[in-house]
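Novice: Could you put the whole structure together from the sequences, leaning on the hints where they help?
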Amino acid sequence: MNQLDHFSGEETHKPFDEPWHAELFAVTVHLSERNLFSWAEWTDAIGEQISKVKLIRPIDGSNDYYNVWLHALIELISTKGITDAEAILELQNRWADAYRNTPHGKPVKL
Amino acid sequence: MPHDYDENHVHNLLPAEPALRVKALETILLEKGLLDQQAVDAIIDEYEHRIGPHIGAKIVARAWNDLVFKSMLLEDAETVLREEGHAGRQGEHVVVVENTNTVHNLVVCTLCSCYPWPLLGVPPAWYKSDAYRSRAVSEPRAVLSEFGIDIPKSRSVRVWDSTAEIRYLVLPIQPKESIGLPAPELAKWVTRNSMIGTGLPQRPKDDQ
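Residue numbers (my numbering), protein chains in the order written: chain A, 1 to 110; chain B, 1001 to 1208.
If you are wondering where the hints come from, they were derived from the structure by calculation, not from laboratory data.
Glycine is no exception: its CB is placed at the ideal position from the N, C-alpha and C atoms.
Careful, some of the hints might be misleading.
[Claimed, not checked] Covered by chain A, per the in silico footprint, the following chain B stretches (three or more residues, Cβ under 8 angstroms):
1. 1035-1045
2. 1070-1078
3. 1107-1115
Specialist: Here it is, written out as structure tokens:
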């Protein structure tokens, strides 16, 4: 099967498939503009992550790509000493609990 | 199941795992004073609503109609785009490559997904896929044919690999039927894919 078949003729401009793709994209651009890292540092970081993952499996250009992006961003800011994967996971679990415990329609807060 | 009902309706729907992780990341950055949520929202708004291939299309249409502008664009796109107010992020070091009767240009980023954002917006999903990233280089003609373009053997295919330093925009060949149209009409012929090299300009749908 042609791997690009489903792309042919596709012309619609849809910048982001999911809201979290947009958030992640914008956070990365923002951090770079605040000089937490240069854009070249960023492309090196994501390039390295892509090279690692594609040895194991091909990356699709949507959820998969942004998952790799997220991993690369967390690694990059970890090397800058800003935070680390463990701290993020802990907070992620707290957010998950907050969603589970907040009644429908009420704003979710930590 | 009652439990599912409970999860989905009585409590808030739990976002997907990566979405939660991004939220966690944002929370930490906010707490550390490293993130301005308004600035992040403004970036999203910009790329969702204001920046997209219509900007590149305008530039291409103008180049088709104005030979002086075209030669300046091919000579030094960076200066032209800065003067036109399209320098923005990832707009530095843009190089415009012209399709001719002897050369068809194709743009890829083999490393990640470098792309001329101020002219085309955020790249489409296929541009970020491994399939495109690797095959555009190893078998460009096969890839083009899957996009519905068959380039005659007499025309060479040149593949441009974008980097954080240089990003490319293809100046497609103007369709004969569009010659003489005013620039705003012409811009409608310029498809996003024609500026990446994976498509050709097309008669606008409302004109068929």
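Novice: If a hint holds in the structure, say so; if it doesn't, say that too.
Specialist: Hints, verified against the model:
| no. | hint | in the structure |
| --- | --- | --- |
| 1 | 1035-1045 | holds (count 7) |
| 2 | 1070-1078 | violated (count 0) |
| 3 | 1107-1115 | holds (count 4) |
When held up to the earlier numbered hints, the structure conflicts with hint 2 and nothing else.
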